[in-house]
Amino acid sequence: MAIIEFVYDKQGYSQALHTIDTIYERGKTDPVMADISYYVSLILDHLEIAGVPEDPDNYNFIFQRRNRSTITSRRIFKELKYHIPLIELRYNHYVDGNPSYAFRIIFFEANYQGKTVIFITRALLKKEKSDVAFDRYCIESDKIFQDFLRNPHHYLETEEDEE
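Counting with my numbering, you get residues -7 to 155 for the letters of the sequence shown.
In case anyone wonders, no lab produced these hints; they're calculated from the structure.
Don't be surprised by glycine CBs; every beta carbon is placed ideally from N, CA and C.
A hint or two may mislead.
Label pairs and their calculated CB-CB ranges [as the list claims (entries may be wrong)]:
| no. | residue 1 | residue 2 | range |
| --- | --- | --- | --- |
| 1 | 45 | 125 | 22 to 28 Å |
| 2 | 45 | 144 | 21 to 27 Å |
| 3 | 24 | 144 | 37 to 43 Å |
| 4 | 123 | 77 | 20 to 26 Å |
| 5 | 45 | 2 | 32 to 38 Å |
Put together the whole structure using the sequences plus the hints.
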């Protein structure tokens, strides 16, 4: 079991959580966004329960659709080779057999007090295969990770913080 933490900036804003919330809100009137929101919640639930697999690049995820049929998605996790140890969580949405949207989450893992913590730094919903925002989010996430290494207490609650 893993703990999922969304990373917030100094102003208390989480870009990733805002993106996920926006998809959810759009899903109230747009059936495609409703589907994407549904599958993103399934993936995040799975990530929280199972954590990141040992071989994320070769992991297949089986989704249960709303109609109870199943679909297998290959490579939902991808190690970002130019931004180690960042991992990309990937979900591609299809409408009528054609790709319509690609949802991405960038995160890193850390062990804290015997538990795996997954720090979600950025999220993106895109229509194009290549997106400059994704490249920018990778660089930003790498900076967050470097800051985490220098100042882990800024990202982790300690027992003293809970009192």
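Enumerated hints in conflict with the structure, sorted upward:
none
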